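Sequences listed follow chains A and B, in order. Going by our numbering, the first residue of the first sequence is number 78, and it counts up by one from there. Going by our numbering, the first residue of the second sequence is number 27, and it counts up by one from there.
Treat the hints as calculated values from the structure; they're not laboratory data. Hints may contain errors.
What the hints assert, rightly or not - Facing chain A, from chain B, some residues (calculated, C-beta under 8 Å):
{"no.": "1", "residue": "177"}
{"no.": "2", "residue": "180"}
{"no.": "3", "residue": "183"}
{"no.": "4", "residue": "187"}
{"no.": "5", "residue": "190"}
{"no.": "6", "residue": "197"}
{"no.": "7", "residue": "217"}
{"no.": "8", "residue": "220"}
{"no.": "9", "residue": "255"}
{"no.": "10", "residue": "268"}
{"no.": "11", "residue": "279"}
{"no.": "12", "residue": "281"}
Said to hold, decoys possible - Per label pair, the in silico range of CB-to-CB distance:
{"no.": "13", "chain 1": "B", "residue 1": "194", "chain 2": "A", "residue 2": "130", "range": "32 to 40 Å"}
{"no.": "14", "chain 1": "B", "residue 1": "129", "chain 2": "A", "residue 2": "127", "range": "25 to 33 Å"}
{"no.": "15", "chain 1": "B", "residue 1": "281", "chain 2": "A", "residue 2": "296", "range": "26 to 34 Å"}
{"no.": "16", "chain 1": "A", "residue 1": "174", "chain 2": "B", "residue 2": "116", "range": "30 to 38 Å"}
{"no.": "17", "chain 1": "A", "residue 1": "198", "chain 2": "B", "residue 2": "94", "range": "36 to 44 Å"}
{"no.": "18", "chain 1": "B", "residue 1": "281", "chain 2": "A", "residue 2": "129", "range": "35 to 43 Å"}
{"no.": "19", "chain 1": "A", "residue 1": "130", "chain 2": "B", "residue 2": "281", "range": "39 to 47 Å"}
Given the structure is predicted, the values throughout are model-derived calculations rather than measurements. In this text, a Cβ means the ideal position worked out from N, Cα and C, and glycines have one as well.
Okay, here's what each chain looks like letter by letter:
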Amino acid sequence: MTQMAMESALFAALYERRNLRERDPAPPSARPAVRPGAAVSIVNLSKSFAGRPVLRDLSFEIAPGEFVAIVGRSGCGKSTLLRLLAGLNAADAGDIRVDRRPVTNVVGEARLMFQDPRLLPWRRVIANVGIGLGGNWYYEALTALRSVGLDGREHDWPAMLSGGQRQRVALARALVSRPKLMLLDEPFAALDALTRLEMQQLIEAMWLRQRFTALLVTHDVREAIGLADRVILIEQGGIALELAVPNERPRTRSNAKLAALETKLLDRLLECAGGDGKVSRFTSLPVQHPSDDKDQSPW
Amino acid sequence: MMGRWLDRRGAALLPWLLPAALLILWEAFSLAGVLGSQVLPAPSAVLTAAWQLGSSGQLLRHVVISTERALAGLLVGGSIGLAFGFLNGLSPAAARVTDTTLQMLRNVPHLALIPLVILWFGIDESAKLFLVALGVFFPIYLNTYHGVRTVDNDLVEMGRAYGLNGWEFFRQVILPGAFPSILVGLRYALGLMWLTLIVAETISSSSGIGYMTMNAREFLQTDVVVLGIVIYAMLGKLADSATRWLERRCLSWHPSFQVVRVAT
Ligand SMILES: Nc1ncnc2c1ncn2[C@@H]1O[C@H](COP(=O)(O)OP(=O)(O)OP(=O)(O)O)[C@@H](O)[C@H]1O
Ligand SMILES: [Mg+2]
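Make a model of the complete structure from these sequences and hints.
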């Protein structure tokens, strides 16, 4: 046997032993399968970087278990908002509460899924999923991996996975601690169309099963309408438009109501892209006239 | 089957072909009298010297003493270098206080301190320990510091967002992230370790390979001098192989090592 083969056999044996040890007691039931999602409340939130305002007096609420999508142009502060919610950065002013507790530091109940997978390249897939977990972590991580369709890959290095598989590992890592608030920062942006569709369905299924509160940031208007209960359009640091999506699931692509919403949202987005975007920047928030959206459109 | 085995053997032997040819040539020139034994003794003469010194136990004693000094110096200098590297890499405040000073000291060639060190410590063990430790400190410090500073910021943030802190954060994110760079530092340090030791032992010592070589020079035993050089080369190579092994063990996650893994 070569040295490599011996090493990997040894490794497998070690893991196997841990595996058995962890698995012997009956599957853990400490964590309930369904925990109510967290309520989120954001009041007059402001944040600027180097004197440049990114979020200005932003306020909105999310009900427990709600699925909210945030859309907006690149650089409008979507990631910044999620990072504030996750407690990774501190706000300049305003109040963020998750389950009525102010967010001051990293919250145990919230999990942030980044734009890129951010797996530790030096830890095996299973250890990446179980990061920060104690106790029965191996079993739980394995279950989470299975739920994203990656069983059998637990002992691979992240470098051995495809981009979509890595993002699925990242999803498993976010899901495994059964967060009450899931913050998703364009988790599908780098994926091909088919994988993207699969991931969207996966996240919807997970959300339906675990009932966490979900906040999804996306560039893709169709994705926002397809997944969320409510879509929020952020523009110049504030909310420019808020749309409730009729709550029918599963949603079909050909639904006329959804298509109309999509058009409305796209029109609004395009309007801010062209026209007066530069001039009125940071002077005043645009007044909302949802009804005459179409008339103002330069097209 | 047999053919492949031979092929593989052949591939393994290939790098040694040139040194072997040179050795044979060298031996031939010595036999022919082109190379005087005072200038460069024949390989066989060096081997004989090795055998004689080896069987009397002298050679082993010198090698062991030199190795002990080298490792002790590496341990002391390396630990201090690691500690400062991690401290300054993790704490900007500490870096502001100490880094400039360390960078200034780095520009002093440590071998230039030998006269001063002899004045301070005499020629006993601590002088050599000090010199070796000083020599290995800087490459380890610099590369550890650099390694910690360049750990992927996204991963650092992920670690925090997923509830890692304290020792767990260090163990899972910082240390492995800085490790490739630390290994580079270690390899530089090993080179400097032997270099420093040779110089220190030839100047002030009553044991060790450096002493053995200097002593032999006084008695015009060129074969022993060459033997000393060969042993230094072998120890250096051994140290290098050890780091390569460590690299393969600890960086098996690295894509460039996985290629090897798949191929075997
Ligand atoms: N750490 C930082 N330092 C300085 N400026 C920053 C920092 N983080 C974000 N910004 C600025 O804040 C603005 C919003 O950034 P953010 O990452 O939130 O945008 P985004 O809406 O997520 O964009 P995208 O859709 O392209 O990801 C940008 O103009 C960016 O340059
Ligand atoms: Mg972003």
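Hints versus structure:
Given the 8 Å rule on beta carbons, the hint for residue 177 (chain B) is violated: about 11 Å separates it from the nearest Cβ of chain A. For residue 180 (chain B), the shortest C-beta to C-beta distance to chain A is roughly 5 Å, which falls under 8 Å, so the interface hint holds. About 6 Å separates the beta-carbon of residue 183 (chain B) from the nearest beta-carbon of chain A, less than 8 Å, and the hint is met. Hint status for residue 187 (chain B) relative to chain A: holds, with the closest Cβ pair at about 5 Å, below 8 Å.
With its C-beta approaching chain A no nearer than about 5 Å, residue 190 (chain B) sits inside the 8 Å limit, and its interface hint holds. Here the hint on residue 197 (chain B) is broken, as its CB sits about 11 Å from the closest CB of chain A, past 8 Å. The restraint placing residue 217 (chain B) at the interface with chain A is violated, with a minimum CB-CB distance near 26 Å, outside the 8 Å limit. With 8 Å as the threshold, the beta carbon of residue 220 (chain B) stays out of range of chain A, its nearest partner Cβ sitting at about 27 Å, so the hint is violated.
Because the closest C-beta pair between residue 255 (chain B) and chain A is about 32 Å apart, greater than 8 Å, the hint is violated. A least Cβ separation of about 15 Å between residue 268 (chain B) and chain A goes past the 8 Å threshold, and the interface hint is therefore violated. Taken as an interface hint, residue 279 (chain B) checks out: its beta carbon lies about 4 Å from the nearest beta carbon of chain A, inside 8 Å. Against a cut-off of 8 Å between C-beta atoms, the interface hint on residue 281 (chain B) holds, since the closest Cβ of chain A lies about 5 Å away.
Between residue 194 (chain B) and residue 130 (chain A) the beta carbon distance is about 37 Å. The supplied range of 32 to 40 Å therefore holds. With their beta carbons about 29 Å apart, residue 129 (chain B) and residue 127 (chain A) fall inside the hinted range of 25 to 33 Å. At roughly 30 Å, the beta carbons of residue 281 (chain B) and residue 296 (chain A) sit within the given window of 26 to 34 Å. One distance hint, 30 to 38 Å for the beta-carbon pair residue 174 (chain A) and residue 116 (chain B), holds here, with the actual separation near 32 Å.
Checking the proposed 36 to 44 Å range against residue 198 (chain A) and residue 94 (chain B) shows it holds: the Cβ atoms sit about 37 Å from each other. Look at residue 281 (chain B) against residue 129 (chain A): about 38 Å separates their beta carbons, and that is inside 35 to 43 Å. Separation of residue 130 (chain A) from residue 281 (chain B) is about 41 Å and conforms to the stated range, judged on CB atoms against 39 to 47 Å.
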